[in-house]
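Given these sequences and hints, build the entire structure.
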Amino acid sequence: MTSSVSVSVQGLIMRYGKLTAVDGLDLDVREGECFGLLGPNGAGKTTTIEVIVGLLPPSSGEVRVLGRRWGESDEALRSRIGVALQETRFADRLTVREVVALFRSFYPKGRDPMDVVREVGLEEKCAAWTVKLSGGQRQRLALACALVGDPELLVLDEPTTGLDPQARLRMGETIRSYRGRGRTVLLTTHYMEEAQRQCDRVAVIDHGKVIALGSPAELVRSLGGDLVVEFALSEGDLSDPELLGVAGVRGVRRSNGAYLVTAAESNVTVPALLDRIRERGAVPSQMTIRHATLEDVYVSLTGRHLRDE
Amino acid sequence: MSNALVQLTVTRIREIFRQPEAIFWTFLFPVLMSVVLGVAFRSERPDPSAAVVVEAPGADRLETVLRGDPAVRVERMSPEAAGARLRAGRAAIVLVPGDPVTFRFDPTRPESELARTRVNAALQRAAGRIDALAVREEQVDERGSRYIDFLVPGLLGMNLMGGGLWGIGWTIVEMRIRKLLKLQLTTPMRRRDFLLSHVLVRLVFLPLEVVPLLLLSYLLFDVRVAGSLGAVALVSCLGAVSFAGIGTLIASRAKTTGTISGLINLCSLPMFVLSGVFFSTGRFPEALQPAIRALPLTALIDALRSVMGEGATIAATGPQLILLVLWGVGSFAVALRVFRWS
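Line by line, the protein sequences are chains A and B.
To convert, take the position in the first sequence, counting from 1, and add 11; that gives the working numbering.
To convert, take the position in the second sequence, counting from 1, and add 315; that gives the working numbering.
Please keep in mind that the hints were generated in silico from the structure rather than gathered at the bench.
A hint or two may mislead.
As the list claims (entries may be wrong) - Below 20 Å or equal to it, Euclidean Cα-Cα: the simulated EDC-like pairs (lysine to aspartate or glutamate) are:
no.	chain 1	residue 1	chain 2	residue 2
1	B	K494	A	D103
2	A	K220	A	E73
3	A	K143	B	E330
The structure displayed is predicted, hence computed values, not measured ones.
See below:
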């Protein structure tokens with residue numbers, strides 16, 4: 012790709028006393044893409060975001076946003092980005108419309124506040140005090156505040172955490188319509204499905220480092236196959252080398268007593284696998300075949316599930 | 316004025332109006348407090364001196380004489396009870412009958428000293444003393460020279476100080492604690508506009524603090540403004556600006572409500588004592604005077620007293636007004652530099 016870079020982070024390190032929250036993180040967000048930072052809570056996503064939007068000075072490393080460094084002309088840079096932070100709090104006794112209008116006034120140019128309120132689906136709540144909003148509605152209000160300045164870059168920290176499925180869908184639509192105008196999005200999430208559905212590229216983060224980077228499809232392909240055969244045995248046992256010898260098998264993992272076998276083609280692998288199980292006198296108790304997900308990528312990279320911690 | 320500054324100011328005003336309890340504590344309570352103080356210190360005749368005659372031979376005669384003086388309230392009790400009264404400050408003087416009559420009192424208490432003089436005069440006269448010099452007494456309660464006329468500008472100044480320090484200091488620290496500022500900091504909002512909006516809000520609410528107090532003082536105590544109302548308004552505005560600036564400064568680093576209330580008390584208590592709210596600053600040693608005159612509350616109260624009491628013009632209060640502006644602008648500029656945003 013030759014398109015220009017919206018956010019570039021190189022060798023970012025953030026230390027809080029003895030704790031290292033971000034430990035040498037590099038990433039590039041290209042103009043026009045939706046880039047996801049994926050990782051469990053505590054992986055350093057929020058700290059990274061706060062450095063990128065200029066709320067925290069990095070302990071070391073270089074950050075460039077829309078070609079500029081923080082500390083050069085911050086007001087001009089801030090007017091080009093929209094930010095929604097995790098669990099944002101608003102003054103209790105202001106209405107939704109008033110909050111969005113206030114944020115609009117900070118930007119030299121932008122959109123009509125009521126249009127944005129409608130876009131995030133809060134028009135029915137536009138005269139309600141923020142203290143009366145649900146968690147999901149507050150997230151959408153934060154998104155409206157991020158959108159009202161009509162930014163070139165939208166940075167969202169955990170935009171869908173705590174939302175019900177419908178609200179999550181709606182958030183997805185809003186982000187897509189924003190991207191429809193050729194704009195760039197950087198978001199964090201610990202929902203695999205969301206990252207897979209929403210993002211062009213994903214950086215998997217663990218312990219403050221990028222451990223995998225690429226499009227969701229590329230990352231899944233890196234497992235060696237995009238299918239996962241998941242089965243359990245009620246009797247008998249099979250060793251990993253035995254399973255790896257089965258035609259088409261690219262990888263074997265075990266999780267909670269189940270076998271997870273990655274494969275490229277199910278029509279070859281599944282019959283061969285069943286034959287092998289029968290040969291060993293083992294009895295399968297259940298078997299499912301599904302597409303591999305980013306969750307499988309994460310587990311194969313770290314040996315842990317995303318939501319374990 | 317930028318659109319953001321207007322929006323920030325209007326937003327703060329909305330928030331205040333939507334908290335009725337805040338309106339009460341910020342605006343009405345200080346006015347009520349001032350009225351109560353005004354009633355307590357209004358220049359009525361001083362209370363009659365509380366004298367206690369100890370139960371002993373000769374007590375009857377002392378009691379009869381003192382009952383004849385309306386300026387003395389007399390009671391009789393046992394020596395122990397009388398001693399307890401004196402120690403608790405509920406009796407100004409204790410008289411032990413005998414020859415000589417013994418006066419027991421604490422000369423450092425003004426009311427005890429006053430009681431001694433009165434009681435002594437009443438007893439001496441009853442015993443046959445004739446005043447050697449004829450005097451005529453003329454009692455002054457001309458408007459403008461009463462204690463209440465001195466007190467009202469002091470209370471007004473005190474309220475403006477409290478409003479600026481608590482109204483701004485507390486609000487900003489609360490916003491910091493509740494992390495309400497964080498999202499705004501990711502926008503191009505100008506830091507100066509945010510702080511300035513707090514100062515503007517103070518000016519908008521200023522009439523709510525000044526007018527009721529002046530109106531009630533007029534209606535209840537007949538306190539009038541000798542100078543122009545415009546001059547009172549200008550002095551009050553500059554006073555509010557001065558303390559608004561100081562309010563933003565003390566709120567600039569504090570992270571807890573404990574810290575901010577401590578800082579507010581640290582600022583306001585010395586001025587409360589030194590700046591002449593209740594009595595003239597002339598009582599303090601000469602060496603302290605330059606420092607006292609440099610305090611913003613002193614400047615504010617002095618300017619208010621000269622405008623309200625002596626009808627001074629704005630030009631005549633120039634030095635005080637300049638001092639107020641310097642305090643306000645100076646503190647605001649420092650606050651802008653040292654403010655802890657995150």
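Now for the hints, and whether the structure bears them out:
The hinted pair formed by K494 (chain B) and D103 (chain A) meets the criterion: a straight-line CA distance of about 12 Å does not exceed 20 Å. Restraint check for K220 (chain A) and E73 (chain A): the C-alpha separation of about 15 Å stays at or below 20 Å, so the hint holds. Our distance criterion of 20 Å between C-alpha atoms is met by K143 (chain A) and E330 (chain B), whose separation comes to about 15 Å.
Checked against the numbered hints given earlier, this structure breaks none of them.
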